[in-house]
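**Student:** Generate coordinates for the entire structure from the input sequences, incorporating the hints supplied.
One letter stands for each residue in the lines below.
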Amino acid sequence: MRFALVGNQNSGKTTLFNQLTGSNQHVGNFPGVTVESKEGIIRGHNEATIVDLPGVYSLSPYTSEEVVTRDFIIKQHPDGIINIVDATNLERNLYLSMQLIELNMPIVIALNMMDEVRSNDGTIKISQMQETLGVPIVAISASKNEGISELIDIAIKMAESMQLPKKQDFCSGATHRTIHSVAHLIEDHAERIKVSPKFIATKIVEGDQTLIDVLKLSDTEKCSIENSIKEMEDALGTDRKAAIADMRYIFIDKLCADTVVKPKESKQHLRSVKIDNVLTHKYLAIPIFLSLMGLTFWLTFGVIGSFFSGLLGSGIAWVSDTTRIGLSAAGFNPVMISLVVEGIFAGVGSVLSFIPTIVVLFFFLSLFEDSGYMARVAFVMDKLLRKIGLSGRSFVPMLIGFGCSVPAIMATRTSPSERDRKMTILLTPFMSCSAKLPIYGMFTMAFFQDNRALVMIALYCLGILLGVISGLIFNKTLYRGHPVPFIMELPNYRMPSTKTVLLLLWEKAHDFLTRAFTVIFIATLVIWFFQTFDARFNVVTDSADSMLAAIGRLITPIFVPLGFSDWRVSTALITGFMAKEAVISTFAVLTGASASELPVALSQMFTPLSALAFLAFTLVYSPCIAAISTIKREMHSSMAALGVVLYQTAVAWVVAFIVYQVGNLLI
Amino acid sequence: MKLDELEIGKKSKILAVRGQGTLRDRLLDMGLTPHTEVMIRKAAPMGDPIELSLRGYELTLRIDDAKNIEIEDDFA
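Chains as they are written, first to last, in this note's numbering: chain X, 1 to 667; chain W, 1 to 76.
Hints should not be assumed to be uniformly reliable.
[Unchecked claim] Heads up, simulated BS3-like pairs for lysine-lysine below, C-alpha to C-alpha not over 30 Å straight-line:
1) K230/X with K2/W
2) K282/X with K67/W
3) K11/W with K267/X
4) K274/X with K10/W
5) K264/X with K230/X
6) K13/W with K125/X
[Said to hold, decoys possible] Here are a few chain W residues that face chain X, going by a calculated C-beta distance under 8 Å:
7) I8
8) T22
9) L23
10) R26
11) D29
12) M30
13) P45
14) R55
15) T60
[As the list claims (entries may be wrong)] Per label pair, the in silico range of CB-to-CB distance:
16) M39/W with P608/X: 26 to 32 Å
17) M1/W with G207/X: 23 to 29 Å
18) H636/X with K67/W: 31 to 37 Å
19) H35/W with L646/X: 53 to 59 Å
20) M39/W with L295/X: 30 to 36 Å
21) E265/X with E72/W: 21 to 27 Å
22) E72/W with K254/X: 37 to 43 Å
23) H281/X with E72/W: 38 to 44 Å
No lab work stands behind these hints: they were computed from the structure.
Every residue, glycine too, gets a C-beta built ideally from N, C-alpha and C.
**Tutor:** Given below as structure tokens:
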């Protein structure tokens, strides 16, 4: 049994999903739906799963994310729908519910945030609302875990007994007549694709072209449908889209007037307005945003992250040393000891120690997003982004890009325009991702001990600057055209739910650990192998004689003008293509140094200036394999992915060249 | 008059959403239907976009797009 969880954005959907499933979730792939959605087993019911679909305001798809939600419902035929509705914002939320009810599938409405309604002395006459809408309604509070068991019980019973909505007629007059005559006309077609004729008829009357195409109507059918809609437009004196939207909202307005008691404006809303008086203040908004970002980076890199990373690093070094002593005492072959200690421990360990930093960065990014602040940032920054032909919406994926390019690129699905979406995807890799942190961390420790934070911030700013320049270029060349409209809800500020944040952090730590023990582990083994043996498989005494050195020397000439002529540097950059963390693990394997010894080893390979050029190069050069394949998938183009690799690498080379050569002149 | 001419903090009622295409569809979906009460809460720090308050929630849109929305001239 499979349920679809559908609701507006900011309705508490993810919180409810986490309450329904606990940590029992996985990312599912569904045929016919291009995007993967999270699916989880409903707690206490092993036979029932629920799919968390992207938040939508209507079933008329507008962004590519919304297409996913509609396609899932129409093509996957879930056994039931759980429609989460924000009780504090009923009118707009019920607009979606009405369309879901028209689908004539088992559906239950979960009236979320009822605790907030009650705390403002409000009530909702649920039984009366149930009567009017003809579907079961359960009052819940997802964040307080109230009403969830009841919701599960009702949903399962409803799906088992195939309980359909009792009503589907919410209209009257001319609209009513037209929808019915169209429904009658397309009945056979609708049954063929197993979707309610009433739903399709309403969508057609609304002017939904995609559904007309799906039905493969004959010309005579199209003609009589068109006539009947024209008649309605004439009778009402308005156009089709407005007629249907108006009909739905008139029904909702009446329903709310009858069932909602709201004695005063909600405290949460008033609080939100007060917070916005500061956070989106005419003069304070931008300085506050910059300070918050600064604070985030400072806490991540300077205080919490580096403290725990240092602790973990020393721990790993201790384990590594103990293992070395143990293995040699037990009389193991030196090559074996080298594999374990200089290969695996040094390589994987150097990367592992950065887990705390990355988790802390994601913690702040998720606070921004879940609290509602990210939407304000989009609001404040829209005008600025318009200068490079984008909208405030693009700001959100770019901020996520500081965590990881993969989710950032996927976050562009909320964009209503393909042009904006593609351009945002191309610019996201310029936002320095957290996998590069180990590189910055090690290098600043080795060369810029006194100005660590300054160098890091400069790197981030350089990435942003190059992104802006690229945006200006793309806007004038590849993606000429008009920026799309920018319409976005500014939700009330809310305390992010602890459970949601913790689950997200666990997910990120888990992803990172998985990578460390798969991609990085394999990269480490391969690097160790090639640097231990020469072409005739003799163990080399000096790794400069190894196969790896020979390969590395092949491409080293490219990097000589940038100031790094050591073959180990070119090797590290190649492995960075697999995963950015691998750059550091490769240095660790090649020098045989543990995390705490690595800075010293690095300082023998670089001068401070060439280190700076190296940092600039790693900041910009080709994204990792995971990001490249995401770009390819999201842009439906291998050429685009290849283009990104070449463009980023070329820009990286030029920037590093400038840093090194200009630096040489100045020193 | 048009929505972009409405003073910040003043209320009015929507008469019609002009224009066409996805923007208009989205505005209607978001509840900007005739007779809906709206108020401009503020403009973004750089003067554009604006923040609109309607149906108990806040929505942001650009001034250029607000020009498509017709509202009542005098609303007490």
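**Student:** All hints are to be evaluated individually against the structure, with a verdict given for each.
**Tutor:** Hints versus structure:
With a C-alpha separation of about 28 Å, the suggested pairing of K230/X with K2/W holds against the 30 Å cut-off. Among the hinted pairs, K282/X with K67/W is consistent with the structure: their alpha-carbon atoms are about 22 Å apart, no more than 30 Å. Between K11/W and K267/X the CA atoms are separated by roughly 21 Å; this keeps the pair inside 30 Å, and the hint holds. Restraint check: the Cα-Cα separation between K274/X and K10/W comes to about 18 Å, which is no more than 30 Å; the hinted pair holds.
A distance of roughly 43 Å separates the Cα atoms of K264/X and K230/X; the hinted pair therefore is violated under the 30 Å criterion. A threshold of 30 Å between alpha carbons decides the hint, and for K13/W with K125/X the separation of about 28 Å falls inside it, so the pair holds. Given the 8 Å rule on beta carbons, the hint for I8/W is violated: about 11 Å separates it from the nearest Cβ of chain X. Interface restraint check: T22/W against chain X, minimum CB-CB distance 6 Å, threshold 8 Å, status holds.
Nearest Cβ of chain X to the Cβ of L23/W: about 4 Å, under the 8 Å cut. The hint holds. Interface restraint check: R26/W against chain X, minimum CB-CB distance 6 Å, threshold 8 Å, status holds. At its closest, the beta carbon of D29/W sits 4 Å from a beta carbon of chain X; the interface hint therefore holds under the 8 Å criterion. With a least beta-carbon distance of about 6 Å to chain X, the hint placing M30/W at the interface is held under the 8 Å criterion.
Against a cut-off of 8 Å between C-beta atoms, the interface hint on P45/W holds, since the closest Cβ of chain X lies about 4 Å away. Given the 8 Å rule on beta carbons, the hint for R55/W holds: about 5 Å separates it from the nearest Cβ of chain X. Hint status for T60/W relative to chain X: holds, with the closest Cβ pair at about 5 Å, below 8 Å. Checking the proposed 26 to 32 Å range against M39/W and P608/X shows it is violated: the Cβ atoms sit about 57 Å from each other.
The hint said 23 to 29 Å for the Cβ distance between M1/W and G207/X, and at roughly 28 Å that hint holds. At roughly 35 Å, the beta-carbon separation of H636/X and K67/W lies within the given 31 to 37 Å, and the hint holds. The hinted range of 53 to 59 Å is satisfied by H35/W and L646/X, whose Cβ atoms lie roughly 56 Å apart. A C-beta distance of roughly 33 Å is found between M39/W and L295/X, which places it inside the suggested range of 30 to 36 Å.
For the pair E265/X and E72/W, the beta carbons lie near 23 Å from each other, so the given range of 21 to 27 Å is met. A hinted range of 37 to 43 Å is violated for the C-beta pair E72/W and K254/X, which are about 21 Å apart. Remark: the range hint 38 to 44 Å for H281/X to E72/W is contradicted by a beta-carbon distance near 30 Å.
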